[in-house]
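Keeping the supplied structure of chain V fixed, place chain C upon it in accordance with the hints.
What follows is the residue order along each chain.
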Amino acid sequence: MSEFDYRNGISRRKVLECMTWCGTGVLWTISGGVPHSLGIMGEAQAADTRGLTFLQISDSHVGFDKPANPNALGTLEEAIKKVNALPQKPAFMIHTGDITHLSKEKEFDDADHIISQSRLDVHYVPGEHDFVDTDRKIYQDRYGRAAKGHGWYSFDANGVHFIGLVNTFDLKAGGLGNLGTEQLEWLEHDVKGRSASTPIVLFAHVPLWTVYQDWGWGTDDSAQALSYLKKFGSVTVLNGHIHQVMQKVEGNVTFHTARSTAFPQPAPGTAPSPGPMKVPEDQLRKMLGIANVNFKQNEQRLAIVDSPLQG
Amino acid sequence: MLRPLIASSVLGAVVGSVLAAGVLFARAEATPGTVFIDNFIFNPKAVTVKAGTTVTWTNRDDIVHGIASSNNAFKKSPAMDTDDSYSFTFTTPGTYQYFCYLHPQMVGSVVVEATTGSIATQ
Numbered sequence: 023m024s025e026f027d028y029r030n031g032i033s034r035r036k037v038l039e040c041m042t043w044c045g046t047g048v049l050w051t052i053s054g055g056v057p058h059s060l061g062i063m064g065e066a067q068a069a070d071t072r073g074l075t076f077l078q079i080s081d082s083h084v085g086f087d088k089p090a091n092p093n094a095l096g097t098l099e100e101a102i103k104k105v106n107a108l109p110q111k112p113a114f115m116i117h118t119g120d121i122t123h124l125s126k127e128k129e130f131d132d133a134d135h136i137i138s139q140s141r142l143d144v145h146y147v148p149g150e151h152d153f154v155d156t157d158r159k160i161y162q163d164r165y166g167r168a169a170k171g172h173g174w175y176s177f178d179a180n181g182v183h184f185i186g187l188v189n190t191f192d193l194k195a196g197g198l199g200n201l202g203t204e205q206l207e208w209l210e211h212d213v214k215g216r217s218a219s220t221p222i223v224l225f226a227h228v229p230l231w232t233v234y235q236d237w238g239w240g241t242d243d244s245a246q247a248l249s250y251l252k253k254f255g256s257v258t259v260l261n262g263h264i265h266q267v268m269q270k271v272e273g274n275v276t277f278h279t280a281r282s283t284a285f286p287q288p289a290p291g292t293a294p295s296p297g298p299m300k301v302p303e304d305q306l307r308k309m310l311g312i313a314n315v316n317f318k319q320n321e322q323r324l325a326i327v328d329s330p331l332q333g
Numbered sequence: 002m003l004r005p006l007i008a009s010s011v012l013g014a015v016v017g018s019v020l021a022a023g024v025l026f027a028r029a030e031a032t033p034g035t036v037f038i039d040n041f042i043f044n045p046k047a048v049t050v051k052a053g054t055t056v057t058w059t060n061r062d063d064i065v066h067g068i069a070s071s072n073n074a075f076k077k078s079p080a081m082d083t084d085d086s087y088s089f090t091f092t093t094p095g096t097y098q099y100f101c102y103l104h105p106q107m108v109g110s111v112v113v114e115a116t117t118g119s120i121a122t123q
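Going down the list, the protein sequences come from chains V and C.
In terms of our numbering, the first sequence opens at residue 23 and continues consecutively.
In terms of our numbering, the second sequence opens at residue 2 and continues consecutively.
The following block holds chain V by itself, in its conformation from the complex (with noise of 0.2 Å):
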């Protein structure tokens, strides 16, 4: 499964570990480069929360209104409802791509009109469904202005160094994700002068790690990227694209993908195809949410939490 191998000095993990989908999410830290679970949201929420908390949503296409779920604009509306309601104000939040199912105008329209009732910065990466209108221009028009090539960027936030990539443009045939060589060498740039105990949070659409080769849920250089990341004690990767809670964690890595707000997808291999997973009506909502990411700073502590709509 795992294809990074860091042999400096931490002992090589290999933890493939499904979120369980009862309770109402699962909290854990990295502390000094080191991943610990320490329970379920309830717990999370009773501990001191001080430090940066953002937030993480993903996937909501909206204009999706195959089976799987008719209305992926009002799961997305429950979703930022969800946000809103959290009894700590998140600094800001990240968005990890396919905010539209067709890069429509009137799709980014929506999905706008909804994400900003959370009055929250937003954070956005492209999914590679907001690159299918036919210039692929509406994407970088409206969230990537200020942004590198096809729009990837980096900030700071409480000492936590943010990355956001682009790995959903100019795929390549029988190719998984891809970051290309212009994206590579600005990453590369972009890290080399920083202090090893900058904790880096890394975040891209489809996963920076390989889930399941053969539904290409990987990306082709993630290698290569991570490969710039290794002097650094915690580095965190955010991922969105397969539509359900999945975490690894390799060596100072922590890997972690989203929830969708708008359909659920299987587990890999367990269906014929990746596509939109119809579930009975009452389980919809126990599949689809957001994720909330809290640091601490004197702990050197980042914790996720999974929480899903309902449930």
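One or more of the hints may lead you astray.
[Said to hold, decoys possible] Calculated cross-link-like contacts (lysine-lysine; reagent style DSS-like; alpha-carbon spacing at most 30 Å):
| # | chain 1 | residue 1 | chain 2 | residue 2 |
| --- | --- | --- | --- | --- |
| 1 | V | K88 | C | K77 |
| 2 | V | K159 | C | K76 |
| 3 | C | K77 | V | K194 |
| 4 | C | K46 | V | K88 |
| 5 | V | K126 | C | K77 |
| 6 | C | K76 | V | K126 |
| 7 | C | K76 | V | K194 |
| 8 | V | K88 | C | K76 |
| 9 | V | K128 | C | K77 |
| 10 | V | K194 | C | K46 |
| 11 | C | K76 | V | K170 |
[Unchecked claim] Covered by chain C, per the in silico footprint, the following chain V stretches (three or more residues, Cβ under 8 Å):
| # | stretch |
| --- | --- |
| 12 | 85-97 |
| 13 | 118-127 |
| 14 | 186-198 |
| 15 | 227-240 |
| 16 | 284-298 |
[Said to hold, decoys possible] Examples of chain C residues lying across from chain V (beta carbon under 7 Å, computed):
| # | residue |
| --- | --- |
| 17 | N40 |
| 18 | F41 |
| 19 | D62 |
| 20 | D63 |
| 21 | I64 |
| 22 | S71 |
| 23 | A80 |
| 24 | F100 |
| 25 | Y102 |
| 26 | H104 |
| 27 | P105 |
Keep in mind that the hints were calculated from the coordinates and are not lab data.
Backbone N, C-alpha and C fix where the C-beta goes; we use that ideal spot for every residue, glycine too.
Quick look at chain C alone, frame taken from chain V:
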């Protein structure tokens, strides 16, 4: 007299079924330039057509797909939602590799053969 009658009607039914199956089979194969997308797979994965044939892809999945040439040898399709089709007429003989530009693990090919006497014009 009864037995042969029964036998011939059974035989007739069998022949009829075979003919019906043959007709169905012929209909499914009747258009060499037809490709369906089912469960993230191009079906058939490889098609061979004569130059001048229009190839039509139809998406029968619940998710968007898109057709793109692997080396920009033909115009890419718009995003194809469920039941959308895309057609392209191949006039120049050759082998055209293509893929889904949303799900690049999906690949297929179109082999275009010269029509008799038309090679010089290609």
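For the hint on F100(C), just tell me whether its beta-carbon gets within less than 7 Å of chain V. With Cβ-Cβ at 4 Å, under 7 Å, it holds.
If you take the shortest Cβ to Cβ gap from S71(C) to chain V, is it below 7 Å? 4 Å, holds
Straight-line alpha-carbon gap K88(V) to K76(C), limit 30 Å: Holds. K88(V) to K76(C) sits at ~28 Å (cutoff 30 Å).
Has the given pair, K88(V) with K77(C), been kept, meaning a C-alpha gap of at most 30 Å? Distance of about 24 Å is within 30 Å: holds.
Please verify that hint: D62(C), Cβ, nearest Cβ of chain V, below 7 Å or not. Holds, about 6 Å.
Closer than 8 Å, Cβ to Cβ, for at least three residues: run that test on the stretch 118-127 of chain V against chain C and report holds or violated. With 3 residues in contact (Cβ-Cβ under 8 Å with chain C), the coverage given for the stretch 118-127 of chain V holds.
Chain C covers the stretch 186-198 of chain V, three or more CB atoms within 8 Å, holds or violated: It holds, with 6 qualifying residues against the three required.
Quick check: the stretch 227-240 of chain V, covered by chain C? Criterion 3+ residues, Cβ under 8 Å. holds (count 4)
Restraint check, 7 Å cut-off on beta carbons, for P105(C) near chain V: 4 Å, holds
Measuring from the C-beta of H104(C) to each C-beta in chain V, is the shortest one below 7 Å? Nearest chain V Cβ about 6 Å off; hint holds.
Supplied contact hint for I64(C), tested at 7 Å Cβ to chain V: 5 Å, holds
Can you confirm whether the C-alpha distance between K126(V) and K77(C) stays at or below 30 Å? 18 Å, holds
Comparing the model with each numbered hint stated earlier shows that all of them hold.
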